[in-house]
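**Student:** The lines below spell out each chain.
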Amino acid sequence: GAVVSQHPSWVICKSGTSVKIECRSLDFQATTMFWYRQFPKQSLMLMATSNEGSKATYEQGVEKDKFLINHASLTLSTLTVTSAHPEDSSFYICSASGGESYEQYFGPGTRLTVT
Amino acid sequence: AQSVTQPDIHITVSEGASLELRCNYSYGATPYLFWYVQSPGQGLQLLLKYFSGDTLVQGIKGFEAEFKRSQSSFNLRKPSVHWSDAAEYFCAVEWGAQKLVFGQGTRLTINP
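Taken in sequence, the protein lines are chains A and B. Start counting the first sequence at -7; every next residue gets the next number (our numbering). Start counting the second sequence at 45; every next residue gets the next number (our numbering).
In short, the hints are calculated from the structure, not lab data. Where hints are given, some of them may not hold.
In silico DMTMM-like cross-links for lysine to aspartate or glutamate, where the CA-CA straight-line distance does not exceed 20 angstroms [to be verified]:
id, chain 1, residue 1, chain 2, residue 2
1, B, Lys105, A, Glu95
2, B, Lys112, B, Glu59
3, A, Lys47, A, Glu79
4, A, Lys33, B, Asp129
5, A, Lys33, B, Asp98
6, A, Lys33, B, Asp52
7, B, Lys143, A, Glu51
8, A, Lys6, A, Asp19
9, B, Lys93, A, Asp57
10, A, Lys58, A, Glu79
11, B, Lys143, A, Glu79
12, A, Lys33, A, Glu95
13, B, Lys105, A, Glu44
14, B, Lys93, A, Glu95
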């Protein structure tokens, strides 16, 4: 089946710094990628949708200047958390869809801790 | 607004027993419904989905779900659980252009 990877799997950064999370579709071309945020013991919340070569569409309440999303190729999307603060600590999950299947394939997630 | 409710935060069943995880949704149109399973260190895996047609949907790993429009429900069932089924289960509804709204999740524990 289709595989989506995320890197890094976990990261610790200091408050005020920026951190980049990569999401890759390993064996298919992802025309659309999605970024979710999951708080402990809570549901996944959609942050934004990105189509290859286009600007990302952000959900209401998500700061586009804080969470920069780039979908430069059909196999790679990146999420950059800029000027991170402790409240940005969370589990970030990407998913990708493309090709003939309508299904979204999810990455394993990246745990971000901001100290 | 669309929403998904999973009333049970945590369920414990014995290995070999039957399982039913509840899911209720609120959505104005005919919903696309999904059940995903999340295991530690792994991405969410699709168990099954309902788009239209037969309201009883078969999925992977022996799971099935039944769409009941009158009750706005899409409950997940398995006749006999295995220890490997211990995980977090999420129900989701698609509300447009593949955008998913997830329920709060149900954590399943299996007693040996």
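**Student:** Next, verify each hint and record whether it holds.
**Tutor:** Each hint, compared with the structure:
no., hint, result
1, Lys105/B to Glu95/A, "holds (18 angstroms)"
2, Lys112/B to Glu59/B, "violated (28 angstroms)"
3, Lys47/A to Glu79/A, "violated (25 angstroms)"
4, Lys33/A to Asp129/B, "holds (18 angstroms)"
5, Lys33/A to Asp98/B, "violated (33 angstroms)"
6, Lys33/A to Asp52/B, "holds (13 angstroms)"
7, Lys143/B to Glu51/A, "holds (10 angstroms)"
8, Lys6/A to Asp19/A, "violated (34 angstroms)"
9, Lys93/B to Asp57/A, "violated (35 angstroms)"
10, Lys58/A to Glu79/A, "holds (12 angstroms)"
11, Lys143/B to Glu79/A, "violated (25 angstroms)"
12, Lys33/A to Glu95/A, "violated (25 angstroms)"
13, Lys105/B to Glu44/A, "violated (33 angstroms)"
14, Lys93/B to Glu95/A, "holds (9 angstroms)"
Hints 2, 3, 5, 8, 9, 11, 12 and 13, counting from the list given before, are not met by this structure.
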